[in-house]
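Starting from the known structure of chain E, arrange chain C on it as the hints suggest.
Listed below are the residues making up each chain.
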Amino acid sequence: MNIFLLALLLMAAGAVATGIIAIRPVTAASNRTANALGPGTAALACLLGLIGVFSGGWTSIESFQTAWGLPFGALAFGLDPLSRLFLLPVFVLGLSCALAGSISLRHTDPEEHNLGAHWAFYLILLLGMTCVMTARDGIFFMLSWELMSLSPFFLIDFNDRDRNVQDASWVYLVAAHLGAVFLIAFFAMLWQQNGTTLFAAMTVEAPAHATLLFLCAFIGFGAKAGLAPLHVWLPEAHPAAPSHVSALLSGAMLNAGLYGIIRSFDLLGPMQEHPAWWGWLLVGVGIVTALMGILKALGQSHLKRLLAYSSVENMGLMVMAAGVGLVGVQNGIAWIAALGFSGCLFHMLNHSAFKGLLFLCAGEVLHSTGTVDMTKLGGLQKRMPMLGMLFALGAASIACLPPFNGFAGEFVISLSLVKGLYLHGLEQKIAMLVTLVGLMLVSGISAFVYLKAYGMTFLGQPRSQFAEAPHAPENRLLLPLCLPAALCVVGGLGAKFVFQMIQPTIAFIPVMPKSLLGIAQDVVISGTSSLLGNISLFGIFGILLVAGAAYLRRILLGRKEVKRGPTWGCGYQYGTPRIQYTPASFVEPAARIFGNVIGTETKPQIDESYFPQKSSFGVSAPDVVRGKFYTPLFEKILDACNALKVFQSGVVNTYILYIIVTLIALLFWGVA
Amino acid sequence: MYSLFQFVILLLLISDLVVLWSGRILMLIRLSALQGMLLAALLLLPINGHLDGEHIFLACAVFALKGIGFPVFLRRVSHKLGIEPMVRVRLGRFFPLLAGLACLAFSMLLENRIAEALGLFPHMLLPVALTTLFTGLIVVVNCAKALTQVIGYLVAENGIFILGIPLMTEGSMWFELSILLDVFAAIFVMAIAINHINSAFSSIDLAHFRNLRD
Numbered sequence: 001m002n003i004f005l006l007a008l009l010l011m012a013a014g015a016v017a018t019g020i021i022a023i024r025p026v027t028a029a030s031n032r033t034a035n036a037l038g039p040g041t042a043a044l045a046c047l048l049g050l051i052g053v054f055s056g057g058w059t060s061i062e063s064f065q066t067a068w069g070l071p072f073g074a075l076a077f078g079l080d081p082l083s084r085l086f087l088l089p090v091f092v093l094g095l096s097c098a099l100a101g102s103i104s105l106r107h108t109d110p111e112e113h114n115l116g117a118h119w120a121f122y123l124i125l126l127l128g129m130t131c132v133m134t135a136r137d138g139i140f141f142m143l144s145w146e147l148m149s150l151s152p153f154f155l156i157d158f159n160d161r162d163r164n165v166q167d168a169s170w171v172y173l174v175a176a177h178l179g180a181v182f183l184i185a186f187f188a189m190l191w192q193q194n195g196t197t198l199f200a201a202m203t204v205e206a207p208a209h210a211t212l213l214f215l216c217a218f219i220g221f222g223a224k225a226g227l228a229p230l231h232v233w234l235p236e237a238h239p240a241a242p243s244h245v246s247a248l249l250s251g252a253m254l255n256a257g258l259y260g261i262i263r264s265f266d267l268l269g270p271m272q273e274h275p276a277w278w279g280w281l282l283v284g285v286g287i288v289t290a291l292m293g294i295l296k297a298l299g300q301s302h303l304k305r306l307l308a309y310s311s312v313e314n315m316g317l318m319v320m321a322a323g324v325g326l327v328g329v330q331n332g333i334a335w336i337a338a339l340g341f342s343g344c345l346f347h348m349l350n351h352s353a354f355k356g357l358l359f360l361c362a363g364e365v366l367h368s369t370g371t372v373d374m375t376k377l378g379g380l381q382k383r384m385p386m387l388g389m390l391f392a393l394g395a396a397s398i399a400c401l402p403p404f405n406g407f408a409g410e411f412v413i414s415l416s417l418v419k420g421l422y423l424h425g426l427e428q429k430i431a432m433l434v435t436l437v438g439l440m441l442v443s444g445i446s447a448f449v450y451l452k453a454y455g456m457t458f459l460g461q462p463r464s465q466f467a468e469a470p471h472a473p474e475n476r477l478l479l480p481l482c483l484p485a486a487l488c489v490v491g492g493l494g495a496k497f498v499f500q501m502i503q504p505t506i507a508f509i510p511v512m513p514k515s516l517l518g519i520a521q522d523v524v525i526s527g528t529s530s531l532l533g534n535i536s537l538f539g540i541f542g543i544l545l546v547a548g549a550a551y552l553r554r555i556l557l558g559r560k561e562v563k564r565g566p567t568w569g570c571g572y573q574y575g576t577p578r579i580q581y582t583p584a585s586f587v588e589p590a591a592r593i594f595g596n597v598i599g600t601e602t603k604p605q606i607d608e609s610y611f612p613q614k615s616s617f618g619v620s621a622p623d624v625v626r627g628k629f630y631t632p633l634f635e636k637i638l639d640a641c642n643a644l645k646v647f648q649s650g651v652v653n654t655y656i657l658y659i660i661v662t663l664i665a666l667l668f669w670g671v672a
Numbered sequence: 001m002y003s004l005f006q007f008v009i010l011l012l013l014i015s016d017l018v019v020l021w022s023g024r025i026l027m028l029i030r031l032s033a034l035q036g037m038l039l040a041a042l043l044l045l046p047i048n049g050h051l052d053g054e055h056i057f058l059a060c061a062v063f064a065l066k067g068i069g070f071p072v073f074l075r076r077v078s079h080k081l082g083i084e085p086m087v088r089v090r091l092g093r094f095f096p097l098l099a100g101l102a103c104l105a106f107s108m109l110l111e112n113r114i115a116e117a118l119g120l121f122p123h124m125l126l127p128v129a130l131t132t133l134f135t136g137l138i139v140v141v142n143c144a145k146a147l148t149q150v151i152g153y154l155v156a157e158n159g160i161f162i163l164g165i166p167l168m169t170e171g172s173m174w175f176e177l178s179i180l181l182d183v184f185a186a187i188f189v190m191a192i193a194i195n196h197i198n199s200a201f202s203s204i205d206l207a208h209f210r211n212l213r214d
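In order, the protein sequence lines correspond to chains E and C. Residues in the first sequence are numbered from 1 upward in steps of one, following my numbering. Residues in the second sequence are numbered from 1 upward in steps of one, following my numbering.
This is chain E alone, in the form it adopts within the complex (with noise of 0.2 Å):
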């Protein structure tokens, strides 16, 4: 605990000191004295954040307590394996994302970036974020979510003479702060209700308005964890912020929103008392995300817009299958219960390893093309092969394939869903049936996503001159990148492990019951950690496989002469890019299916007279519920708000007429 303690200690004075550097001018010197110190202190306190979650055994329950001078709430932190497990990506991205960042701001010109503030702001988010994870007190966790949530807003906003980004960092706002109000009333009605705002002293039994409760954090939660329609933030800001940043939002701090969920859970008391609909809502919002996000990311040529509505897929799938845990504690299947948990758990830190890489090599791609657009892109591979590769394993995993770790996440998900025909009830075994066919068609598509976002940017031809000849980043500045990508292949090949480990989490979190936990280690988890074992022999053999064959194609052709041809040369003579698909004809026959349910609009302009003129296509997928919802709602509010200005007049007479005005009123209502 000591340790963990000094590294919160440590982002507190690294944040304090690239404070004290930002207020003053800025000037290449202090940019560059902001970029060492800030990395290297969030680096430093990473690692030792690290070491203390790891020190005193994985198991073990720790906590410190101190007054903090309020009237109301205390300093309480814990960390217990809950707590653990959701600090690992925190301190592996907080530690990749600032060695990444430092790099990739290494020459930022000083008149238009002050780092000295950057990496203060990300040094606060990393604190908040730590806090947020190991707060113990309601008051406490609030102030921690405050400040997890406010000091994006200025990371979001970096170039900030973007007006694009500027939109970005205020939408980001305004849907944190929504979200919290939520979180305000959860917390404020359970301190009503117990008279105390630690968690220790809440647990006791099952409050008053359950029901109330559960949906207030439900919705506050869900709406960091970008669930559907909570979601239209993400897509927003994650593009428009530095892409060290991004992975560390989408990584780490959107995990916040599950964390909050399950912890909720805890606050609740026990969940077999609480009606059956809880868990299918959880199953059923997650699903309807996931299926939602992944169609989004469909028709997008945006890369990191593709990969922020990615995020939003693998919230819901995370979601879905904390409420597929949820139904089987209310079931009573241990089956159902222990899998969907582990299933949630599971995916939440295997999704912290690919998202992460994939933002970071989305970052580099920016960095030496100077645009995401896919339709510029294509043909980086031959040019930056390390690059290519590292985006190759990242989509590989979040894809589905095996052996790496994105398979074994939804593996597990996908397992705990197969039991559902154990379930009471036909319809509950039809829900669950239905929604194991909603996660596969996400996995389907989502592979589809990941085969057009790869190849679009890194395979065929170049398709302008941004990425005809890109500034390759040298491959020791691709390290920081090795970190995440070395844990999607760790996270698959060594599946069994990393299920084991969670293991302890899951006969910690109190959701579980204790009868159920009992069976499910006798007989779940045991079967499927060698189920999971046994894909990992296969993926290692598969790989060798792979690797043999390579060097035998190396062997065969080392001796020959071997003829190189343009990428889809297909035989024509002069080959231009032109003729490559483009982001929207690859995806041309999935968004005219799926079109109607989630709104892709396809552009088709083609002359089908016999001397063909000019013709083109395009596939775009604006937010439904941002443009039909939320655009006209908020537009409804700034008319009203705007109808009160006839109040505001701006003489100082009418304002205290006002006042005597309320005054009398106010004294009519009190003798009345």
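Possibly wrong hints are sitting among the right ones.
Derived Cβ-Cβ restraints for the label pairs, each shown as a range [claimed, not checked]:
hint, chain 1, residue 1, chain 2, residue 2, range
1, C, 167, E, 671, 17 to 27 Å
2, E, 266, C, 186, 51 to 61 Å
3, E, 47, C, 186, 52 to 62 Å
4, C, 175, E, 666, 44 to 54 Å
5, C, 167, E, 24, 53 to 63 Å
6, E, 666, C, 72, 33 to 43 Å
7, E, 266, C, 164, 45 to 55 Å
8, C, 18, E, 193, 44 to 54 Å
9, E, 671, C, 93, 40 to 50 Å
10, E, 633, C, 85, 50 to 60 Å
In case anyone wonders, no lab produced these hints; they're calculated from the structure. Ideal Cβ placement from N, Cα and C applies to all residues, glycine included.
Below, chain C without anything else, positioned relative to chain E:
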């Protein structure tokens, strides 16, 4: 003693009505001075007939500040700024007076409703206190110049002070004194602010503040 108390209260009420009708800044300053002196007199005429040292001390303080200090200070400010002698009003002079009378009627209605139940306030004290308070606010609403706003604020504060007199208990002198100090600071700050506004806008007409809204 009691009839004298009632007489002072009546004088306060008349001074309120004159404040509402008056059209000259100097007159307003003098009336605020008169009100300050009447407040000091009220303190010296305790309702239960018992006069102690605290009351006398407070009366002296009120007399010195509200009766002499503020008026002299305000007069010097008005001299320095060279303000025109007549008050520039927004709603004329008739409507404010009518509003003041309406407030008086409303306060008397209130007295019937609550003062009896409380049993604390002597007859007519609550209506006069509230009328003074409303008079001050009406002056603030009606007048266009910043200096008259300060006088309005002072009159409104006098109303609050009258409300506090029957509620004074043992040891509350320090409380009243601290409020007096607060008012002193407020008047001082407002006068300085007016001075700055005058130099920035070359006028202390509140209509210019309109430009400051968003």
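Now for the hints, and whether the structure bears them out:
1. C:167 x E:671: 17 to 27 Å: Given range 17 to 27 Å: holds, Cβ gap about 19 Å.
2. E:266 x C:186: 51 to 61 Å: holds (52 Å)
3. E:47 x C:186: 52 to 62 Å: Hint holds: Cβ distance 57 Å, inside 52 to 62 Å.
4. C:175 x E:666: 44 to 54 Å: violated (24 Å)
5. C:167 x E:24: 53 to 63 Å: holds (54 Å)
6. E:666 x C:72: 33 to 43 Å: holds (36 Å)
7. E:266 x C:164: 45 to 55 Å: The hint (45 to 55 Å, Cβ to Cβ) holds, given that residue 266 of chain E and residue 164 of chain C are roughly 53 Å apart.
8. C:18 x E:193: 44 to 54 Å: At roughly 59 Å between Cβ atoms, residue 193 of chain E and residue 18 of chain C fall outside 44 to 54 Å, so the hint is violated.
9. E:671 x C:93: 40 to 50 Å: violated (30 Å)
10. E:633 x C:85: 50 to 60 Å: holds (57 Å)
Hint check: violations occur at hints 4, 8, 9; the rest are consistent with the structure.
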